[in-house]
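Trainee: Order-wise, the sequence lines are chains L and S.
Just so you know, we're using this note's numbering here: the first sequence kicks off at 392 and counts up by one.
Just so you know, we're using this note's numbering here: the second sequence kicks off at 392 and counts up by one.
Possibly wrong hints are sitting among the right ones.
You can't tell identical chains apart in this list, so a pair holds if it fits in one copy or across any two.
In silico DSBU-like cross-links for lysine-lysine, where the CA-CA straight-line distance does not exceed 35 Å [to be verified]:
#, residue 1, residue 2
1, Lys436, Lys569
2, Lys569, Lys506
3, Lys690, Lys569
4, Lys690, Lys481
5, Lys481, Lys570
6, Lys481, Lys436
7, Lys690, Lys638
8, Lys570, Lys690
9, Lys429, Lys569
10, Lys570, Lys429
11, Lys638, Lys569
12, Lys506, Lys570
13, Lys436, Lys638
14, Lys690, Lys506
No lab work stands behind these hints, which were simulated from the structure alone.
Number of protein chains: 2
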Amino acid sequence: MSGSSTYADWIAVDWGTSNLRAWAMRGSDAIAEATSDKGMGLLEKSEFESALITLIDPWLGTARTPVFACGMVGARQGWVEAPYTAVPSKPLANRFARPETTDSRIDVHVIPGLKQLENPDVMRGEETQIAGFLAANPNFDGVLCLPGTHTKWAHISAGEVISFRTFMTGELFGLIAKKSVLRHSIANGWNDAAFITAVTDTLSRPETMAAKLFAIRADQLLNATDVGAAKARLSGLLIGAELAGAKPYWLGQNIVLIGDANLSALYATALETQAALSQIADATQSTLAGLNAARILTKEPTS
Amino acid sequence: MSGSSTYADWIAVDWGTSNLRAWAMRGSDAIAEATSDKGMGLLEKSEFESALITLIDPWLGTARTPVFACGMVGARQGWVEAPYTAVPSKPLANRFARPETTDSRIDVHVIPGLKQLENPDVMRGEETQIAGFLAANPNFDGVLCLPGTHTKWAHISAGEVISFRTFMTGELFGLIAKKSVLRHSIANGWNDAAFITAVTDTLSRPETMAAKLFAIRADQLLNATDVGAAKARLSGLLIGAELAGAKPYWLGQNIVLIGDANLSALYATALETQAALSQIADATQSTLAGLNAARILTKEPTS
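Build out the structure end to end from the sequences listed, making use of the hints.
Mentor: Here it is in structure tokens:
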């Protein structure tokens, strides 16, 4: 990226455990983007500022530039703790954490996550995507599903997150595919029919999951099943079990998926097996719209 | 161990993926034991013989010594493939794999595992423990549960394994406790009440497991729950879900647990919550008795 033409009005930052993404923004438009592997998990508190400046320096002019950041950057182990807001709540409250910086060119706002006290649960980052979706769809009433490492299901009504529930499905997929005995049976490739069969299997009998997982390995040893089908089957077993558990969220609801496009498409396919229709919203656009909504909030008089 | 007084009549070997255990035997009694970390997973085919000889050399005299080995040593990637026997079957068939050795002091027999074609499943090593248990309890009719990395449930009748089912529970426990986001919330310690609550929780609602797993983390973040209770809860959630899936095996049955004493006690406690009573048999004794049963088989005329 070159310097002079990309001064930003403000800077949007999505700072997760393993990645840092930043965008130079003018109004609601991203005019430049930069990423680094300096995720929260790698950094000491004192290292966040320089990790950010290294990435966004070309976008900084002489005026103090507002920065809005969401994600694990606001965790206790992050740059500055942005204490969770309890649901029911709007996804964004005008109550951002403000780390002190030595570089006076930036003015950093860190967005708090949401917490749920009964049925303990937490999110950090997804609240911003929800806010972004709601900024574009202010009258939405229904369920947002945010598939990922820790998939979130959130019940939305009257602009508020009423309740939510996290499933560790994505993390389980990664661990089982890469670290368990199934790593010998799983490789790239895909098989839609195997995925759909597996989804309906654990959706109706979620209690058999730990046995069905091992059966992928046994089937491969005995019948030399295709490694791509094995991957689809693992994914289907885990997503099917999740849908069984998340049924109170999606059954009979208006469902929108916000996440990685491929993964969202899998969830949509899985939901279709239950005649549940869903729409897919772009994850990055939702994040940017949410960070922009946060920026606009800070300009409004606080109540 | 010292050499001269420990010549073995025969040698018993339990050779798993990550460990190698050997016993110098006289009749059915172990007179010496040795272990090494030369598990099957670490060895090339050409390295098995020397790994074994290094361990058992002090027990070898001038006569050719029979060696009976069970476990992953008989897998395709092991020393010599001992093809699975299909159930229904007695746990041991007189059909051992015989690797060639350069050292003429040993005569090695590798015990085949069992396979199930309908509802694909496999075991290697547990068939020997089952044979050992049945040698001491020839009229047993009921269910054997062998808790471990890959817990096996086996339906036994008239001296045969009729069917079996593997649950990846132990492996999931290890991965989730050590490699997932829950590793921050889990440490040594224990809480019986948390274990029992978690067991009954997933036994009745197994579909919520991936959410209940994340709730361990969220609860710890929000309520600073005890890390020992978190460990008990993780164990209980996984074992409870397994018992839900294995119900066709244990419900109304005569149940014997063969495995690590602590883990078997957890399964017994979990089963008790459902008024299912079980007994615990010693795992090592079962292995040695099974290897001894294999040795006796080779002396009988083949039919």
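Trainee: If a hint holds in the structure, say so; if it does not, say that too.
Mentor: Comparing the hints with the structure gives:
no.: 1; hint: Lys436 - Lys569; in the structure: both (31 Å within a copy, 24 Å between copies)
no.: 2; hint: Lys569 - Lys506; in the structure: both (31 Å within a copy, 25 Å between copies)
no.: 3; hint: Lys690 - Lys569; in the structure: neither (46 Å within a copy, 45 Å between copies)
no.: 4; hint: Lys690 - Lys481; in the structure: within (17 Å within a copy, 77 Å between copies)
no.: 5; hint: Lys481 - Lys570; in the structure: between (39 Å within a copy, 33 Å between copies)
no.: 6; hint: Lys481 - Lys436; in the structure: within (29 Å within a copy, 62 Å between copies)
no.: 7; hint: Lys690 - Lys638; in the structure: neither (40 Å within a copy, 59 Å between copies)
no.: 8; hint: Lys570 - Lys690; in the structure: neither (48 Å within a copy, 43 Å between copies)
no.: 9; hint: Lys429 - Lys569; in the structure: both (23 Å within a copy, 23 Å between copies)
no.: 10; hint: Lys570 - Lys429; in the structure: both (24 Å within a copy, 20 Å between copies)
no.: 11; hint: Lys638 - Lys569; in the structure: both (28 Å within a copy, 30 Å between copies)
no.: 12; hint: Lys506 - Lys570; in the structure: both (31 Å within a copy, 24 Å between copies)
no.: 13; hint: Lys436 - Lys638; in the structure: neither (40 Å within a copy, 50 Å between copies)
no.: 14; hint: Lys690 - Lys506; in the structure: within (25 Å within a copy, 68 Å between copies)
Of the numbered hints stated above, those contradicted by the structure are hints 3, 7, 8, 13, listed in ascending order.
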